[in-house]
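**Q** Spelled out, the chains give:
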Amino acid sequence: MLHEPAKPAEKDPAGPYKMRLGIWMFVFYSLFYAGFVAVNLLSPLAMAAIVFAGLNLATVYGFALIIVALIEALIYDGMCRKKEAEFAAAEKQKSGKSKKGKA
Amino acid sequence: MAIIVFLIFVVFVIGLSLYLGNKAKTSSGYYAAGGQIHWGVNGIAFAGDYLSAASFLGICGMIATVGYDGFLYSIGYLAGWIVALFVVAEPLKRLGKYTFTDAVDANYNSRGIKLAAAISTLVVSVCYLIPQMVGAGVLVEPLLGIPHAWGVLMVGAIVITIVATAGMASTTYVQFLKGGLLIVFSSVLVGAVVIRGLSTQPDQNGAVEFYEYSHLAAVKNGDQIEVTEAGWDVLEQAEVKGGLFFVKLGHEGKETWWYASETDGVLTLKESQSVVTKGAEKWINGAPASADNQLRQVGNLEQIRGQKNTETGSLSIFGFLSTITDKDTIVRTWKTASFTDEAGAKVTVYYPKDVTGDRIMRPGLKFKVEGTWLERLDFLSLMLALFLGTAALPHILIRYYTVPSPASARKSTIVAIAAIGFFYILTLFMGLGAMTSGVINPADSNMAAPLLARSFGELLFAVISAIAFATVLGTVSGLIVAASGAVAHDLMDRYLNVKMDDRQKVRAGKIAAFVIGGIAILLGILFKGMNVTFLVGLAFAVAASANLPAIVMLLFWKKTTARGIAASIVVGIVTSLGLIAFSPELYTLYGMNPLDAPIPLNNPGIVSIPLSFITLVVVSLMTQKNAKA
Numbered sequence: 001m002l003h004e005p006a007k008p009a010e011k012d013p014a015g016p017y018k019m020r021l022g023i024w025m026f027v028f029y030s031l032f033y034a035g036f037v038a039v040n041l042l043s044p045l046a047m048a049a050i051v052f053a054g055l056n057l058a059t060v061y062g063f064a065l066i067i068v069a070l071i072e073a074l075i076y077d078g079m080c081r082k083k084e085a086e087f088a089a090a091e092k093q094k095s096g097k098s099k100k101g102k103a
Numbered sequence: 001m002a003i004i005v006f007l008i009f010v011v012f013v014i015g016l017s018l019y020l021g022n023k024a025k026t027s028s029g030y031y032a033a034g035g036q037i038h039w040g041v042n043g044i045a046f047a048g049d050y051l052s053a054a055s056f057l058g059i060c061g062m063i064a065t066v067g068y069d070g071f072l073y074s075i076g077y078l079a080g081w082i083v084a085l086f087v088v089a090e091p092l093k094r095l096g097k098y099t100f101t102d103a104v105d106a107n108y109n110s111r112g113i114k115l116a117a118a119i120s121t122l123v124v125s126v127c128y129l130i131p132q133m134v135g136a137g138v139l140v141e142p143l144l145g146i147p148h149a150w151g152v153l154m155v156g157a158i159v160i161t162i163v164a165t166a167g168m169a170s171t172t173y174v175q176f177l178k179g180g181l182l183i184v185f186s187s188v189l190v191g192a193v194v195i196r197g198l199s200t201q202p203d204q205n206g207a208v209e210f211y212e213y214s215h216l217a218a219v220k221n222g223d224q225i226e227v228t229e230a231g232w233d234v235l236e237q238a239e240v241k242g243g244l245f246f247v248k249l250g251h252e253g254k255e256t257w258w259y260a261s262e263t264d265g266v267l268t269l270k271e272s273q274s275v276v277t278k279g280a281e282k283w284i285n286g287a288p289a290s291a292d293n294q295l296r297q298v299g300n301l302e303q304i305r306g307q308k309n310t311e312t313g314s315l316s317i318f319g320f321l322s323t324i325t326d327k328d329t330i331v332r333t334w335k336t337a338s339f340t341d342e343a344g345a346k347v348t349v350y351y352p353k354d355v356t357g358d359r360i361m362r363p364g365l366k367f368k369v370e371g372t373w374l375e376r377l378d379f380l381s382l383m384l385a386l387f388l389g390t391a392a393l394p395h396i397l398i399r400y401y402t403v404p405s406p407a408s409a410r411k412s413t414i415v416a417i418a419a420i421g422f423f424y425i426l427t428l429f430m431g432l433g434a435m436t437s438g439v440i441n442p443a444d445s446n447m448a449a450p451l452l453a454r455s456f457g458e459l460l461f462a463v464i465s466a467i468a469f470a471t472v473l474g475t476v477s478g479l480i481v482a483a484s485g486a487v488a489h490d491l492m493d494r495y496l497n498v499k500m501d502d503r504q505k506v507r508a509g510k511i512a513a514f515v516i517g518g519i520a521i522l523l524g525i526l527f528k529g530m531n532v533t534f535l536v537g538l539a540f541a542v543a544a545s546a547n548l549p550a551i552v553m554l555l556f557w558k559k560t561t562a563r564g565i566a567a568s569i570v571v572g573i574v575t576s577l578g579l580i581a582f583s584p585e586l587y588t589l590y591g592m593n594p595l596d597a598p599i600p601l602n603n604p605g606i607v608s609i610p611l612s613f614i615t616l617v618v619v620s621l622m623t624q625k626n627a628k629a
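Protein sequence lines, in the order shown, are assigned to chains A and B. Mapped onto my numbering, the consecutive letters of the first sequence carry residue numbers 1 to 103. Mapped onto my numbering, the consecutive letters of the second sequence carry residue numbers 1 to 629.
Calculated directly from the structure, the hints in this document are not laboratory data. These figures come from a predicted structure and were not determined experimentally. The C-beta atom is built at its ideal place from N, Cα and C for all residues, glycine as well. Heads up, a few of these hints could be off.
Said to hold, decoys possible - Between beta-carbon pairs, the in silico distance windows are:
id : chain 1 : residue 1 : chain 2 : residue 2 : range
1  : A       : R81       : B       : W557      : 26 to 32 Å
2  : B       : R111      : A       : L42       : 45 to 51 Å
3  : A       : M19       : B       : K270      : 19 to 25 Å
4  : A       : R81       : B       : K97       : 23 to 29 Å
5  : B       : G313      : A       : R81       : 44 to 50 Å
6  : A       : A38       : B       : F514      : 45 to 51 Å
7  : A       : V51       : B       : E212      : 35 to 41 Å
8  : B       : D223      : A       : V51       : 20 to 26 Å
9  : B       : R111      : A       : F52       : 54 to 60 Å
10 : B       : R111      : A       : M19       : 50 to 56 Å
11 : B       : F514      : A       : K11       : 37 to 43 Å
12 : A       : V51       : B       : E370      : 19 to 25 Å
Can you build the whole structure from these sequences, using the hints too?
**A** Below is the structure:
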């Protein structure tokens, strides 16, 4: 039922790329989150300003923090998959060549 | 009805655990469900594990009483998953086997790390267990009509059964089931709230008549307050710290407490609710407490966009929020004050305070973002701990070992972010729905969401209560698996090198689950009455201080040494717990004056997290030679 067998973690050639990407995306989100905390601390009244459909900045920014987290997560997954597929294709090509060479 | 739904759920969960029992015969099966869980199932199980009593009961209750400030927890809890996804998920899956300790110790094989990380897992799990068990007691009390302590005991017994029969396998499916049900039925509840709309006289669809609280005009004669209207006698006056005045009035043979509110020189006495206790005697609102005489549920709008005695009818999602946000909407909130009266009885008064909608819908009612620099620092500290705490919670981290590969760990985290994020948006609607529907128990905000469900009928109440109960079961099961892993796998097997075959290791884990379950039951009884979200916030601070620096630095700083990691974990635990123990909020819990607390912060993260990082760096630099040797 949907389950796969556990396998030992192999060396991941896309690992360094994913780590770098993860750090940049983490930094971006951290700044977005820090902006929310900073507005609350430095200009709390600004949070009461109506900015969209009768909703104030506090509500819109709060929802945005949740929605942006999901969007970033999906982008990250898409980019990781692409890179993993590239390495897998390169690996396949390499093993194909070496088989030919042996033959 | 509620009891039947509740019993069906309990029987199903225990049956499932017994069915899955044969999957927990090996260590891998017991601690990590054999590492075979599909990422989609694991993602929803993550949500089931993470959306604890604090999220469902605590956040909704906090939003219902202090508005937007409660939603800050939703934002912080969700943001923490970004750290888990981008920094921790795949590397941790690669490093670990069953527990958090396995991961941090993977490159070092250090006894110091094993001991420190296992203790940290236990401390964080126990800190997190307390609010879950408190939430369990709060839920079961009105649902089954049994005392708090029995509710906690019952939950403890069921959870121990779940964990001891099938470990992580049954825990995963209970969490999956609960996570899915919680999201679906919370959506149903929010749909019902916006379709019903808002009213200045909420009557729970005609089920409970709206109670109109009275006002009396009064004047001050020197220090004495006198009621203008005839037939009301002032029997006693009380001033509470903070400049609040309460007056005991006698009227037609009944004695009740009123809140004295002065605006622009005009004194008004506002009808309040009160609980007076002396010895074994207890009076509620001037009459002996009984099954028929309990505190009235509260929470309503006094004005909707400047209109009194009105209702909106069905609203859109944005329309619901914007109506409450309007500056001409007035929300009646309820505050609490306690004091001792002239006869020596303990008096707790629940008094009304009207707040405009634009004030409710921005931060500041609980967290003093416009207060002193220390109060602002406390807010910053909380937001930091929430952001960094998620990726350091041992019961969350062990879920990365239940999937087959690092890519599955990543994908399940994304499913978790989608599910958890959606749920947290719903909390704002559920909390505000409770705030305006006359369903809040003024003595305990934790039941706001289930009581909101009851305002739509017994069936929804029964289902939501059963799900809330499942919420506790799912999270507590995960915590007990994590804690039993720390005892049996980290301490007994790896630190003390107790010789055990695989079957004995599983047995040791099950015995540890029994003991930790017992401790959780005891703590759940002792901490009755605390807001569960506040307690979970503290658990996040301990986790972020003790565990996160170790995880981050071992992944990103090559000079990290085993001693550096062990020292940072110990410093993180000791400083965060120490700061909490001497904080104003805990002084209140001890029954002492919070102003006497030597630590002015309620949230320790701003001090303990950097201190733990600094400790790791300094000790690692000092022990470079040892590491090379």
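**Q** Do the Cβ positions of R111 (chain B) and F52 (chain A) conform to the proposed distance bound of 54 to 60 Å?
**A** For R111 (chain B) and F52 (chain A) the Cβ distance comes to about 56 Å; the hint holds.
**Q** Given the range 44 to 50 Å, decide if the beta-carbon distance of G313 (chain B) to R81 (chain A) lies inside it.
**A** Holds - the Cβ-Cβ distance for G313 (chain B) and R81 (chain A), about 47 Å, lies within 44 to 50 Å.
**Q** At the C-beta level, are D223 (chain B) and V51 (chain A) separated by a distance inside 20 to 26 Å?
**A** Since the Cβ atoms of D223 (chain B) and V51 (chain A) sit about 48 Å apart, the hinted range of 20 to 26 Å is violated.
**Q** Do the beta carbons of V51 (chain A) and E212 (chain B) sit within 35 to 41 Å of each other?
**A** 36 Å, holds
**Q** Could you say whether the range 19 to 25 Å given as a hint is met by the Cβ separation of V51 (chain A) and E370 (chain B)?
**A** 20 Å, holds
**Q** Is 37 to 43 Å respected by the C-beta to C-beta distance linking F514 (chain B) and K11 (chain A)?
**A** 41 Å, holds
**Q** Do the Cβ positions of A38 (chain A) and F514 (chain B) conform to the proposed distance bound of 45 to 51 Å?
**A** 48 Å, holds
**Q** Can the suggested window of 19 to 25 Å be confirmed for the beta-carbon pair M19 (chain A) and K270 (chain B)?
**A** 59 Å, violated
**Q** Using the Cβ atoms, figure out if R111 (chain B) sits within 50 to 56 Å of M19 (chain A).
**A** Distance hint for R111 (chain B), M19 (chain A) is violated at roughly 29 Å.
**Q** Can you tell me whether the CB distance of R81 (chain A) to W557 (chain B) sits inside 26 to 32 Å?
**A** 28 Å, holds
**Q** R81 (chain A) and K97 (chain B), beta-carbon distance inside 23 to 29 Å?
**A** 26 Å, holds
**Q** CB of R111 (chain B) to CB of L42 (chain A), is that within 45 to 51 Å?
**A** Holds, since R111 (chain B) and L42 (chain A) (Cβ atoms, about 47 Å apart) stay within the stated range.
Violation of the numbered hints given earlier is confined to hints 3, 8 and 10; the remaining hints are satisfied by the structure.
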